[in-house]
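S.K.: Sequence:
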Amino acid sequence: MKPRLYDIWPDFEPVYDENEYSWTTLRSLGETLLLNCGECDGPSDMRHPRCKTCVTTRSGTASGAYTASTGREMEKWPTVMLCRIHSPD
Numbered sequence: 155m156k157p158r159l160y161d162i163w164p165d166f167e168p169v170y171d172e173n174e175y176s177w178t179t180l181r182s183l184g185e186t187l188l189l190n191c192g193e194c195d196g197p198s199d200m201r202h203p204r205c206k207t208c209v210t211t212r213s214g215t216a217s218g219a220y221t222a223s224t225g226r227e228m229e230k231w232p233t234v235m236l237c238r239i240h241s242p243d
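When we follow the numbering used here, the leftmost residue of the sequence shown carries the number 155, and every step to the right adds one.
The hints are simulated quantities; they were obtained by calculation from the structure and are not laboratory data. Be a bit skeptical, because a hint or two may be false.
[To be verified] Restraint-style ranges between C-beta atoms, simulated for each label pair:
hint	residue 1	residue 2	range
1	Met200	Ala222	23 to 33 Å
2	Glu227	Phe166	27 to 37 Å
3	Pro164	Thr224	31 to 41 Å
Beta carbons are placed, not taken as given, at the ideal position from N, Cα and C, and that holds for glycine.
With the sequences and hints as input, model every part of the structure.
M.R.: Structure (structure tokens):
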């Protein structure tokens, strides 16, 4: 059996800015959390254990901000999108 790419991904440490997230409502997806993985060397794949841990931590941070902003609790985001957003500097 061929190894899955995320199983053989080189070692990395998640790199992110805790404030690099946003949420929006997308048709047919509902409330969607967008997480920027821009500087991270990881696979941006929730099947990788480090990515899953990172997303869980950052989702919690975003949920707190969502509750403070909207007054509604977000226990679990229905959709999470991992993005690599780059801007010219």
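S.K.: For the pair Pro164 and Thr224, does the Cβ-Cβ distance stay inside 31 to 41 Å?
M.R.: With Cβ atoms ~39 Å apart, the hint holds.
S.K.: Is the hinted range of 27 to 37 Å satisfied by the C-beta distance from Glu227 to Phe166?
M.R.: holds (32 Å)
S.K.: Against the range 23 to 33 Å, how does the distance between the Cβ atoms of Met200 and Ala222 compare: consistent or not?
M.R.: Distance hint for Met200, Ala222 holds at roughly 25 Å.
Figure legend: structure checked against the earlier numbered hints; every hint is met.
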